[in-house]
Each structure stands twice: as C-alpha cells, then as structure tokens.
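Based on the sequences and whatever the hints tell you, model everything.
4 protein chains.
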Amino acid sequence: MAGSTFGTIFKITTWGESHGKALGVIVDGCPAGLLLDETDIQKYLNRRKPGTSSITTPRKEDDQVEILSGTFEGKTTGTPISLMIRNTSQISGDYSEIASCYRPGHADYTYDAKYGFRDYRGGGRSSGRETAGRVAAGAIACKILEQMGITVCAYTRSIGNIHADMKHFDRDAILQTPTAMPDRKADELAVSYLEGAKKSFNSVGGCMECLAEGLPAGIGDPVFEKLDANLAKAIMSIGAVKAVEIGDGCQVSSRFGSDNNDAFRMKDGKIVKTTNHAGGILGGISDGSAIIIRAHVKPTPSIYLSQQTVNKQGEEISINIKGRHDPIIIPRAVVVMECMTALTLLDALLINMSARLENIIDFYRK
Amino acid sequence: MAGSTFGTIFKITTWGESHGKALGVIVDGCPAGLLLDETDIQKYLNRRKPGTSSITTPRKEDDQVEILSGTFEGKTTGTPISLMIRNTSQISGDYSEIASCYRPGHADYTYDAKYGFRDYRGGGRSSGRETAGRVAAGAIACKILEQMGITVCAYTRSIGNIHADMKHFDRDAILQTPTAMPDRKADELAVSYLEGAKKSFNSVGGCMECLAEGLPAGIGDPVFEKLDANLAKAIMSIGAVKAVEIGDGCQVSSRFGSDNNDAFRMKDGKIVKTTNHAGGILGGISDGSAIIIRAHVKPTPSIYLSQQTVNKQGEEISINIKGRHDPIIIPRAVVVMECMTALTLLDALLINMSARLENIIDFYRK
Amino acid sequence: MAGSTFGTIFKITTWGESHGKALGVIVDGCPAGLLLDETDIQKYLNRRKPGTSSITTPRKEDDQVEILSGTFEGKTTGTPISLMIRNTSQISGDYSEIASCYRPGHADYTYDAKYGFRDYRGGGRSSGRETAGRVAAGAIACKILEQMGITVCAYTRSIGNIHADMKHFDRDAILQTPTAMPDRKADELAVSYLEGAKKSFNSVGGCMECLAEGLPAGIGDPVFEKLDANLAKAIMSIGAVKAVEIGDGCQVSSRFGSDNNDAFRMKDGKIVKTTNHAGGILGGISDGSAIIIRAHVKPTPSIYLSQQTVNKQGEEISINIKGRHDPIIIPRAVVVMECMTALTLLDALLINMSARLENIIDFYRK
Amino acid sequence: MAGSTFGTIFKITTWGESHGKALGVIVDGCPAGLLLDETDIQKYLNRRKPGTSSITTPRKEDDQVEILSGTFEGKTTGTPISLMIRNTSQISGDYSEIASCYRPGHADYTYDAKYGFRDYRGGGRSSGRETAGRVAAGAIACKILEQMGITVCAYTRSIGNIHADMKHFDRDAILQTPTAMPDRKADELAVSYLEGAKKSFNSVGGCMECLAEGLPAGIGDPVFEKLDANLAKAIMSIGAVKAVEIGDGCQVSSRFGSDNNDAFRMKDGKIVKTTNHAGGILGGISDGSAIIIRAHVKPTPSIYLSQQTVNKQGEEISINIKGRHDPIIIPRAVVVMECMTALTLLDALLINMSARLENIIDFYRK
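Going down the list, the sequences are from chains A, B, C and D.
Under our numbering, the first residue of the first sequence carries the number 440, and numbering increases by one thereafter.
Under our numbering, the first residue of the second sequence carries the number 440, and numbering increases by one thereafter.
Under our numbering, the first residue of the third sequence carries the number 440, and numbering increases by one thereafter.
Under our numbering, the first residue of the fourth sequence carries the number 440, and numbering increases by one thereafter.
Calculated directly from the structure, the hints in this document are not laboratory data.
Treat the hints with care, since some could be wrong.
Heads up, the list lumps identical chains together, so a pair's fine if it works in one copy or across two of them.
The calculated BS3-like cross-link candidates involving lysine-lysine, where the alpha carbons are at most 25 Å apart (straight line), are [as the list claims (entries may be wrong)]:
| # | residue 1 | residue 2 |
| --- | --- | --- |
| 1 | K638 | K488 |
| 2 | K514 | K460 |
| 3 | K751 | K514 |
| 4 | K460 | K482 |
So, in structure tokens, the structure goes:
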C-alpha cells in the first residue's frame with residue numbers, strides 16, 4: 440500500500456529507487472512565507488554524501504537537489520514543494536548475482552515475498568538512497584524550527600564498543616569528524632576500529648543520538664499520537680535501526696522509581712526538572728526539557744566475507760557480495776535521524792495549535 | 440488534536456478517563472462474519488485486572504465489557520463495534536493535593552501545559568486505565584489472527600535485575616505467575632524483590648517481550664510504514680515505555696556484520712533463516728520468522744517516598760503520594776503489549792491484500 | 440473498512456445500529472476549554488426527533504444523550520468526548536419479511552453484497568438513526584463556531600414542487616414549521632401536499648439548503664481538500680442525498696461568464712462581492728461571502744404501495760412495506776445538514792491555522 | 440495544510456504550478472505487476488491538451504510525461520510511481536496587472552487571503568494545469584480497472600442550453616468531436632454556439648457526465664465513506680465544478696417514492712434493477728448497475744469583457760483580461776472527470792478486499 444508519506448499537517452512523500460532516473464520528495468503543507476532556496480537543502484544533503492573519508496563508500500553520489508515547485512520569488516507559497524535529485528552515478532553493472540539471490544540482512548527476500556518481484560539494482564527502494572528525500576524535506580523542517588528557536592542535533596554516540604564521552608561534547612566535531620562523533624578522541628579510536636573491520640572485510644554497528652532543544656512544554660498528544668510514539672516510528676523507519684530509546688531508555692527497566700522520577704523545581708520563574716531521565720517527554724507530551732532519542736543501528740549487511748543464502752530457485756548457495764559499501768551506516772545516517780526528528784517535532788507543533796479553544800478564538804479574532 | 444485512533448483499515452478509537460463514567464473503544468473496520476461475544480473480550484480484560492496478587496494494587500476494577508453495537512446474531516457485521524466498560528470503583532476522594540501539584544514522573548504538568556487544565560482525578564486520560572480500551576479491541580484482533588494461524592504472546596522478560604531464563608520458557612507460566620514471567624523460578628525471585636521494594640515504599644521497572652509466530656513473509660511496507668516502525672509506535676504509545684527493541688535490538692550496535700546477518704537456508708521446501716537476530720523483519724517487511732519485540736518500562740512513578748516538586752502556583756513543595764498503586768507496571772501491561780502487537784499485525788495483513796495486481800484480479804474474478 | 444470517521448483535526452467517529460442497544464459518537468480533537476453539557480447537545484437532537492407533527496413518523500425516539508467522557512468541571516478537556524444515546528423504543532417485531540427480501544431504494548441488497556449478511560432490523564447501520572451521532576457531534580461544532588462569530592443555518596428549500604420563497608425568508612419559521620421551511624406560506628402548502636401523498640401511500644422528495652455566515656476569507660485548501668469538495672462529501676454522505684450544489688450550482692452550466700462572475704468591490708474598507716453566484720468559495724477557498732450549499736433528497740424509499748423486488752433466494756416477489764415511516768425525509772434531515780456543514784467548516788478553520796509561517800511563529804512566541 | 444493527496448490505498452499526490460519548472464504526481468500504493476509505460480499515460484494527457492480546435496485556447500502545452508520511478512522491466516514494482524511533465528510553453532510575460540488585482544471568478548483573492556501572497560503567474564496552483572497530474576495518475580487507475588472488466592467513460596452532456604441527446608449516444612464521438620459530446624449533431628450546434636460566445640468575448644458553462652460500467656455490487660462503505668460521497672468530493676475538487684449529481688440527481692427532489700424506487704428483478708440468475716434512478720449506488724454501496732455522475736461546470740472566469748474588481752491596495756478598478764483562454768472548460772475537463780472517477784472506484788475496490796473475514800482467511804490460506 441501507500442507507505443511513502445510521513446506527517447499529518449507537514450506531510451512529506453518520498454519516491455525513487457537507488458538506480459532509477461531520479462529520486463525526490465514532495466513536501467505538502469509547508470507554511471507559506473519561508474525564504475527557501477536550493478542551498479538551504481543542499482547543505483543537509485551534503486552531510487549524507489559518501490566518499491568524504493576512508494570510512495565511507497568511495498561511490499560518488501552528487502545529490503544535487505532541484506526545487507521544481509512550491510516557491511515563488513524566493514519564498515514558499517504554501518503549495519507542494521517538489522524536490523528532485525537526479526541519479527547520476529549508477530553504474531549499469533552486472534546485477535545478475537543479486538537479481539537471483541537473497542542477500543542476508545537485506546530486504547531482497549521480503550520484497551520478493553511481498554510484491555512477487557523487485558527492482559534488484561542497488562537495493563531499489565530499500566536502498567539507503569531513499570533517505571535523500573527525507574533529508575531534503577527535513578532540511579526545510581529544520582529551517583522552520585530554527586526560526587522558532589528550536590535546534591535539533593544528531594550525532595554518533597558509539598561505534599562498536601567505542602563510545603563518545605559526553606563530558607567532552609563538542610558540537611563542532613559532529614560536522615568535522617568522519618564518524619560524526621561529538622568527541623574527537625573517540626572519533627580517532629573509532630576510525631582505526633573501522634579501518635580494521637574494513638580490512639577483515641567486515642562491517643560494524645553503532646548508536647546515534649539526537650537532541651532537540653527549545654521545544655516548549657505541551658507539545659504531543661496523549662494516547663496513540665504520543666510525541667515519543669511518533670518519534671519511535673520516525674526513527675525506526677530509518678533502514679537498519681533496530682532499537683529506539685527515549686531519555687534513559689533501556690536503563691529504566693532495572694531502576695527504582697525514586698531514582699527514575701525527575702523532580703520539578705522553579706528556575707527564573709519557570710518550571711524545570713532537576714534531572715532529565717524522561718528525555719523531555721511525560722505522558723507523550725513535551726515537558727520543556729531537551730528531547731533525547733537514541734537509535735541502535737545494525738552493521739551494514741553488505742560484507743565481503745562469504746555468506747550462506749538461497750536463490751530464487753530455492754537452491755542453497757554461498758555468496759561474496761561485491762561492490763563499494765560503507766563499513767558502517769551511522770555517520771551518514773546521523774543527518775537522517777536529525778531530519779526525521781525535526782519533521783516529527785514540527786508536525787506536532789502545527790497540530791498543537793488547535794489544542795485550546797481560547798487560542799483558536801484569539802487566532803481568528805485578529 | 441485527535442490522537443485516540445490507531446490503525447488504517449482495522450481502526451480503533453479509545454475514549455474515557457480513569458474516573459469518568461465509563462471508558463471504551465470503537466473498533467471500525469472489523470471484517471464481517473467473526474463470531475464474537477463478550478467472553479472473547481472479557482478474558483483479555485481480566486488479564487489486566489489489578490488486585491490479583493500481592494504485587495498489584497489492591498484497587499478493585501471490575502472492567503466488565505458490554506458490546507453496544509456491531510454484532511448481529513453472534514457475528515460481527517462489518518460496522519463499528521462499540522465496547523464500553525463502566526467505571527465502578529472510583530472513590531470520589533480528596534484530590535485537592537494532586538489537583539494543584541505536579542507529581543514527578545506523571546503527565547500532570549504536561550497536560551496543564553498543553554490544555555490549560557486537566558481532569559486530575561486518577562490521572563484522567565493519562566491513566567493506565569485508558570489501556571482497557573486497547574485490550575478490548577486487541578482481543579478481537581487476536582481472535583482473528585488465531586483463525587489465520589498467527590499467535591501473539593507477550594510476557595515479562597525482566598523485573599529490576601531479575602531476568603527470565605528463556606531456556607526455561609514455559610508458556611503456561613505467563614498466565615499463572617503474578618509477574619507474567621515465562622520462567623517460574625525467576626518469577627519467585629521477582630516477587631520477593633518486588634515485596635522488598637514495596638516495603639521500602641519504592642517501585643521497580645522491567646522489560647516485557649512479545650513474540651508473534653505464524654506471520655507469513657511479505658507483510659509490512661517499505662519506507663515510513665515499515666512493520667517495525669509501526670510496532671515501535673504501537674508499543675511506545677503504551678504509557679511508561681521508554682525503549683523499544685526489534686530482534687536483537689540494542690545489541691546490534693556493538694556487533695560485526697558477520698555476526699549479525701541471518702543466513703538463509705531451505706527447510707521442507709521453504710526459505711528459512713538459521714538465526715533470527717533481525718526479529719523477523721527485513722527492510723520493514725516480515726521474513727517469515729517469529730516477530731520479536733521488547734519494551735523497557737519505567738518504574739511506577741507513584742511512590743510513597745517524599746519527592747520534590749512544584750505546584751500550579753509555582754511554589755516548590757514536597758509531596759508524599761497516597762493511594763493504592765502497583766509497585767510495578769509490567770505484569771498488567773503485558774496483555775496491552777500483546778494487544779497492540781496484534782492490532783498492528785492485523786492491520787498490516789489487511790493492507791497487504793492489495794500489494795499485487797494478480798491477487799486483486801483473482802479476488803474479484805470469483 | 441473503517442468508514443465511520445469524519446474530519447482531520449476535529450474528528451468524529453459514529454457507531455450504532457437502528458435497533459442495537461445504543462448508538463453514539465466519539466468526538467476526538469475537540470479543543471479544551473469549551474463549556475459543554477448535555478443540554479447543548481440535546482437541543483440539536485430534539486430537532487431530528489420524529490413524532491412532532493402529522494408529517495413525520497409517529498414512532499417515538501427519545502434520543503436522550505449522555506456525556507460519558509471528555510469533560511471535567513463543565514468544560515471539555517481536549518480528550519475524546521463520548522456521547523451515547525440508548526435505543527429505547529425499538530419494537531422487537533417481526534422482521535422476517537425484511538430479513539429475506541431486498542426493499543427497493545434501500546441498502547438491503549448492497550449490504551448483503553458487501554458483507555454477506557446484515558443486521559436487517561430497521562435498516563441496521565444504514566438507518567437514518569445513524570445520523571443521531573452526527574447531530575450530537577455537530578452540536579459541539581456549532582457551539583464553537585458560534586463563539587467565533589460564525590452561524591450555520593439549514594432549512595427546507597422545496598418539497599415536491601413547492602418552493603420556499605426566499606424573499607419571505609423568516610429564520611424563526613425554520614424551527615417552528617413542521618417542514619422546516621423559512622417561509623410559512625410555502626410550509627402550509629407543503630403540509631397539505633404531504634398529507635395528500637401520505638393518503639395515497641406514497642412519499643415525496645425535497646431540497647434543503649444551508650447558509651453559513653461569518654466565515655472569514657482564506658479557509659479551505661487548493662486541490663483535493665477544497666472547502667466545497669469537503670462540503671460535497673459531507674453532505675452527500677447523508678443517506679438519501681442525490682445531488683449537492685454550491686452557490687448557484689446546476690444553473691452555472693447554462694450561463695455566460697459575464698453573468699456568472701461575481702464582481703469585487705470595497706465596502707467599509709473590506710473586499711466584498713456584489714453578488715454571490717459562487718456561494719462563498721473560489722478555488723476551493725472561502726471568499727468571505729456566505730457559504731451556500733443545497734442538497735437534493737430522494738423520497739423516503741419505504742412506501743406502502745406494492746413494489747416488485749427479489750428475495751435472498753433469488754425469487755421475484757411483490758412487497759408491501761409495513762411500519763411507521765416518514766412520508767418525507769427532509770424536515771428531520773435539515774439539522775443533519777447543518778451539523779455536517781458545521782463539522783466541515785470547523786475542521787477547515789483548525790487546519791488553516793498553520794497556513795502561514797508568520798502566524799505559527801507568532802503563536803509560539805506568546 | 441497538506442491537501443494535495445487523494446485516496447486511501449491507491450494514493451496520489453499532485454504538485455506543480457502553471458508556470459513553474461514542471462508539474463507532476465506521485466502514485467503511491469499502485470499494486471505491483473502492472474505493465475506500464477509512458478504511452479499508457481500519454482494518451483490520457485493528450486485528451487486534455489489545448490489547441491486542438493477552434494473552441495480551445497491556442498496556447499500550446501505539450502505535456503510530455505516522464506516516468507521517473509516505480510517501474511522496472513516494464514512493470515510497476517509496488518513502490519511510488521513518480522510522473523513528471525516539464526512546463527515548456529509558459530511565456531514569462533507581463534503579469535503585473537494580474538499580480539496586483541483580483542480577477543472575478545478566480546482564486547486570486549482567496550489565495551492571498553489564505554497565504555498572504557501567491558504565485559500569480561497563470562493562476563499558479565489554482566490553474567487548470569494542476570489537473571495534468573490527476574490525469575497522469577488516473578490513466579494508471581483506468582488501466583487497472585480495464586483489466587478488472589470495469590470501464591469508465593466521461594463526456595459532455597450539455598453546453599449552454601445545448602444538450603446531447605442520449606438516444607443518439609455514440610461513444611466514438613466523444614474522442615472525435617471538439618466538444619467531447621457523444622452526439623455529433625449536438626456537437627455541431629454547440630460549436631457554433633461557442634464560436635458566437637467567443638466573438639462576443641464571453642465564455643460558457645456546461646455539464647459533463649461519467650458512466651462506470653462493470654463495477655460489482657458491494658463496493659463502497661456505509662456512513663462517511665459512501666461511494667457517492669467520495670465521488671462527490673473527487674468531482675467537486677475539480678476546479679469550476681459547482682454541482683454534482685448521482686443518478687437522477689436534482690430531479691429526485693420533486694418526485695414521488697413510487698417513481699423513484701428502482702425495482703429489483705432477476706436476469707440470467709443475477710439480481711438486477713429494472714431502472715437506475717439511483718445511479719448504481721444504494722446506501723453508499725454499489726448495486727451492480729452503472730454508476731452515473733454528473734458535474735455542472737461554470738463558464739471560464741477569464742473573459743475579455745470589462746469587469747469590475749479591486750486591487751491589492753483596496754482600490755476599485757476595471758480590468759480587461761488578456762491572454763489566450765478557453766471559451767469553455769468542459770471539453771478538456773471530461774478526461775479529468777473520468778480519471779477522478781477511476782481513482783475513486785479503484786480505491787474503493789482495494790479497500791473492499793478486507794470486508795469479509797472468510798475472504799481474508801481464504802486470501803492468506805493460498
């Protein structure tokens with residue numbers, strides 16, 4: 440079915456396969472009046488570009504975005520913004536091996552089981568390239584959030600067993616290190632760890648974290664549309680993510696209530712929490728503290744080691760995957776997490792405008 | 440906004456507060472022809488009833504369900520099924536303390552921040568009682584899945600640091616032990632652990648797991664409506680859940696690709712996986728293995744120890760929460776997880792019917 | 440599938456059959472802070488009650504509404520409002536004839552074709568009684584619109600060939616005449632016309648109109664969610680409606696452009712139109728003039744004359760429908776049209792709050 | 440808000456303005472396995488092309504469609520189909536007059552009222568060009584319906600006061616006559632009528648009708664998602680449509696029940712109706728007869744006669760609209776109506792697959 444749309448009011452629809460002519464996204468419901476041009480979007484897309492270091496694939500993907508509709512005289516008009524990225528570097532190579540066999544850890548088998556056949560070139564729609572559309576749309580959401588005083592920032596928390604030390608948090612490092620870690624020392628360790636993995640033809644998993652600051656209290660909904668529920672869906676929908684944590688996440692399950700509750704206090708006339716185990720969300724609604732989400736990402740399934748699998752004919756075979764693959768997904772996925780978070784928060788903010796009758800009446804009295 | 444609806448084709452809408460007249464759910468989109476009466480639903484509701492052991496609240500909640508519409512001559516008609524549970528045991532007590540202060544770990548403050556005021560009696564809509572509607576609807580989904588050969592089973596995986604040993608998995612124990620653990624030995628340890636916590640006026644967190652077996656390969660959608668993304672949302676929308684894992688979950692982030700990929704092999708002419716690190720989902724689509732989900736649940740925020748907080752007037756105060764509270768949420772939440780999983784899987788199965796043109800043409804040729 | 444929900448932000452879900460235990464509606468997404476009690480809703484329900492004149496069915500339907508959730512201390516809380524009406528006057532009569540045959544003009548055959556069987560008592564879910572839930576929800580929408588200075592008013596425009604003369608428009612007459620016509624003279628003629636039809640065991644069609652005044656310009660959306668498109672759906676979803684017109688409606692098809700365009704002029708510093716052929720909507724968006732909608736309603740299909748039909752066994756038969764039926768649907772449907780219009784307009788107003796970036800930033804700056 | 444998406448399972452999202460770089464549509468939820476290439480779509484787009492006769496605008500719009508994603512080896516893959524049409528013939532002319540004034544009958548004023556400003560070139564998003572995306576998507580729906588034995592056919596019923604005589608119904612004439620009338624004699628009269636209107640610088644309205652044959656009984660849903668309600672929305676969302684009729688439409692309001700009910704009879708072992716006043720829909724669900732819908736379309740608002748209006752500065756002015764405009768909208772809108780009908784019916788068919796439990800169990804037993 441139609442599963443390529445995300446959001447209720449700020450709604451995006453992505454399209455395109457890894458090796459098709461192009462891919463892109465429609466942003467429908469973007470408010471009118473935002474100054475927007477290609478450079479606003481391109482800087483986000485550049486963060487997921489490969490080929491920028493020893494630990495990403497040497498594949499070249501230019502990912503030049505083109506705005507096809509929805510802006511006029513440099514501003515958004517309120518109508519759908521169509522963003523397109525031409526696929527330029529696909530090598531129309533020999534896919535005969537992938538075409539007939541099911542790569543372990545990939546979606547080859549499940550797509551065939553669902554649709555009866557699949558576009559096997561480069562993973563088709565299950566390729567990480569699909570996220571280019573999310574990032575292009577997310578760049579717009581981020582720009583709007585910024586103007587509302589809300590910042591969203593994702594980074595690599597760990598790679599294999601190497602963890603960033605949050606005491607040394609350095610925001611600049613995120614965009615400057617090859618691993619997107621906010622800790623330059625951990626980054627160095629992680630790079631050599633990854634190079635080792637690469638030499639042994641293997642790949643590595645990792646954990647990424649996203650921090651959203653400046654979100655007012657009161658955003659999100661009770662019951663099914665809880666802010667954390669929507670964030671969980673948004674982040675789990677990124678390929679290769681296998682776990683999502685909010686605030687202290689998994690740790691809460693072995694804790695006492697007295698250690699887990701965050702006390703409320705007053706600060707500068709405002710209600711604040713003295714700790715933030717909850718990750719900024721209580722009962723599905725933001726509490727004014729920073730929103731904290733973590734995602735655990737599996738190792739790249741494409742490895743050069745020999746693996747056991749079966750082919751379409753139901754024969755058991757061994758395969759050695761060829762091609763140029765990232766030894767780790769995370770450094771390029773960090774911006775995807777940032778964008779999916781921004782899209783979720785912005786949508787929740789827009790939805791929240793109708794929560795109180797007095798606000799509605801005020802709005803239309805003007 | 441409207442956030443009380445879950446599902447696309449099999450759609451449920453819950454309503455009701457902890458201390459209102461009643462609560463319930465509308466199930467819209469249930470296929471016609473299912474044999475259904477109150478006992479089908481009651482047996483699920485009974486599993487979330489409190490007062491059945493030393494480790495749940497002594498509060499009495501009868502939770503007798505009434506089918507108000509949608510069945511005729513014992514069968515569902517395809518029209519909305521309205522299920523209602525009268526609230527009978529609320530004590531119209533003294534809520535003055537709760538009314539004016541913000542309990543740590545609860546949604547009191549965030550509701551006020553969103554709506555300007557709140558129904559403070561027993562947590563109102565943020566109460567765990569809201570899940571009665573989910574369970575009533577989920578019971579119907581479970582009955583349908585059963586007829587399709589799909590079983591969904593949730594249980595307690597750990598309480599504090601006491602973990603069920605899955606080598607001793609005993610399905611009967613889940614419904615028989617007070618902790619809903621599938622391991623009677625761990626259950627005993629957990630019960631004394633909980634009694635200790637209770638004596639020290641504290642509460643405890645835990646982890647629950649859900650297993651769905653019999654789901655065919657090919658269910659779920661690529662991109663935003665991935666099966667795991669929808670499960671993550673479904674489970675994270677249960678109050679107090681702070682992390683959701685699929686398959687090996689958080690462990691994948693410190694793993695090598697060679698250890699994490701599940702090999703495909705043939706068995707009895709069918710494609711199977713030799714391991715199930717993926718938890719039954721690849722690229723957002725089921726692969727025919729068991730679906731495995733885990734949820735980490737925070738300790739009950741209502742504890743009898745003194746806590747620091749603020750009141751509506753912005754004064755810093757201390758509170759000691761009175762009332763009758765579960766020292767742990769999980770044993771009664773396990774059936775909620777089972778139901779939310781069943782609802783998500785059934786909806787995905789119904790959506791999937793239109794995935795292939797040949798199936799559609801076949802369907803209407805009859 | 441799930442087809443019992445209407446609206447995007449102000450969302451209602453109706454449930455219940457003609458002869459089930461009860462029927463009702465869940466209003467999800469009602470803003471917090473509205474003063475609301477049963478009397479607000481009851482006065483709308485009373486307008487669709489039968490038995491109030493010689494031209495409606497003598498059946499008694501009390502339709503006493505009960506608010507089960509969503510209000511606290513007399514105000515809406517922002518959480519789902521559950522409204523229930525117990526079915527009290529159903530006679531558990533002999534339905535054997537209806538059970539096995541397909542009444543002409545009714546949904547008996549189509550329900551069986553879709554679901555395989557149906558609740559045949561009194562039309563089940565296809566009964567006009569289903570609209571009680573719409574009216575209960577619409578009463579809330581009307582109350583909110585009123586507070587925003589928007590009035591919605593529906594009335595009977597014609598019955599058979601007897602037309603209300605709009606030059607004699609008398610708003611009070613709508614609630615006072617048995618036909619709900621705004622013209623007392625036409626009402627008298629229509630009543631004798633209806634009594635004649637009743638004597639010849641026949642039924643009669645009619646046309647109803649709805650006027651919404653005070654809606655600001657700029658409400659509605661381009662393309663698929665045009666305000667008139669949503670109104671058309673809302674009104675066409677009322678059973679027995681076979682045509683929907685906006686503004687001059689059908690007349691435009693035989694007109695010249697010079698006669699159909701409405702000129703813009705200034706009045707008291709505001710942009711106004713000198714005529715309103717468009718019915719208040721241009722390009723799917725309100726233009727500040729009155730919204731005008733008309734609905735053509737077929738004659739009650741239940742007539743006492745002998746009719747040809749078939750039964751479930753595929754035998755050709757003749758039937759004479761018994762029971763107590765309205766000779767015309769319209770007088771009781773007028774309030775349904777008013778409510779569906781109000782629900783559509785309110786939803787469009789809430790959706791519109793996020794149309795401009797500057798408004799969003801202003802909203803959250805406060 | 441996001442209003443550019445239509446459909447639940449077969450979901451389309453259109454984008455693009457009249458004078459932007461390009462316009463197009465994403466079709467999400469198209470079943471896998473349909474043979475599809477550009478020619479399938481182009482033949483529908485060619486039917487809305489202008490410049491083909493004396494009664495359409497001499498503007499050239501090539502409307503060459505490009506499939507950018509969603510097909511592989513000539514077949515749809517089940518993933519989003521992206522269709523793009525480059526805008527080639529826009530003259531970057533002098534829009535200063537339109538930019539600052541509000542043309543009567545157009546959406547200029549309402550867009551400004553909603554969004555604060557607008558893309559004034561050629562009507563922007565409110566231009567009839569937006570329907571190119573609908574037609575491109577509808578062509579795919581039509582191809583699928585055809586394979587299911589369902590045909591959808593729209594044509595011009597009347598232009599001004601000249602009506603096609605349905606006794607002379609000639610299906611070939613629809614695609615061959617400049618007016619898209621199914622009656623060649625009426626077409627000739629209408630052409631001279633239109634030439635007259637053109638000479639007097641005026642424009643003319645008309646009525647179009649759509650017939651869908653082969654739809655099985657049982658499609659559509661009770662209550663809000665009635666098949667006729669969704670058709671009404673679909674058709675009313677086409678710009679310039681001011682009224683929608685189903686079956687006998689407006690005529691039912693002056694009729695007796697005995698004349699309006701369609702009798703059921705048996706024919707070749709199947710239940711049929713002896714007449715079709717209902718237009719193929721009873722209680723919102725198809726009855727197996729032909730679906731009949733009519734749409735009344737206003738005269739093109741762009742006329743060359745002098746008109747009174749106001750400008751942005753609130754000054755009363757006169758304008759004479761320049762440019763090249765169709766004297767009538769209908770002949771090019773007929774294919775849009777056909778496509779919107781096809782999209783609505785296909786979506787209803789896909790949704791209907793989960794109506795009965797036995798069918799679901801059968802489906803997955805295979």
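Hint check:
1. K638 - K488: Answer is within: at 22 Å inside a copy they meet the 25 Å cutoff, but 56 Å across does not.
2. K514 - K460: Cα proximity of K514 and K460: across copies only (15 Å, versus 28 Å in one copy).
3. K751 - K514: between (50 Å within a copy, 19 Å between copies)
4. K460 - K482: both (22 Å within a copy, 22 Å between copies)
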